[in-house]
Amino acid sequence: MTRILYLADPGASVDAPLSLPRLLRHIDRTRFEPSVLLIGADGGATAAVRALGVDVLSLEAGEESGALAALQLALDARRLPAQLGGRRFDLLHARGPAADLLARSAAPRLGARAVVTTFDGAPARDDRWLLRAERRTCGRVAR
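Those letters in the sequence shown? Residues 349 to 491, per our numbering, in order.
No lab work stands behind these hints: they were computed from the structure. Keep in mind the model is a prediction, meaning the values are calculated, not measured. Heads up, a few of these hints could be off.
[Claimed, not checked] Taking CB as the label site, the calculated pair distances span:
hint, residue 1, residue 2, range
1, 408, 457, 29 to 35 Å
2, 378, 399, 28 to 34 Å
3, 420, 400, 17 to 23 Å
4, 350, 431, 19 to 25 Å
5, 436, 375, 15 to 21 Å
6, 462, 367, 18 to 24 Å
We put the CB at the ideal spot given by N, CA and C, even for glycine.
Turn these sequences into a full structure, and let the hints guide you.
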């Protein structure tokens, strides 16, 4: 069975809180074992995902930018395996800029063979620290 971790930043787009439960409702549970990590405010997604019987974890997201945001991202990527109880995943699917950077940074530590991203935007062009993190990890995206 393929274990998938969906990393979502519900505040990244208007339809994010709705699209994740919709996706999980239609996934073949005989082939895939989904888990969800919500970053920041959940926008109502937690209850909808839990109602489908899917594991939901959350991670606080700060409003930092610049070097502080890049440092927080690196720390979150290092802590994530412990927060997930040492579980390993075959695939990480990220939605939203924060989720995307976190998935790419944490993928090696979670054993993921592939990272798939739904592109909803990139860090602000004037945030050189997050852009640097973006460039360093973009090679880890499979699709």
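task: Any hints from earlier that this structure breaks? Give me their numbers in increasing order, please.
output: Hints 1, 2, 3 not satisfied by this model.
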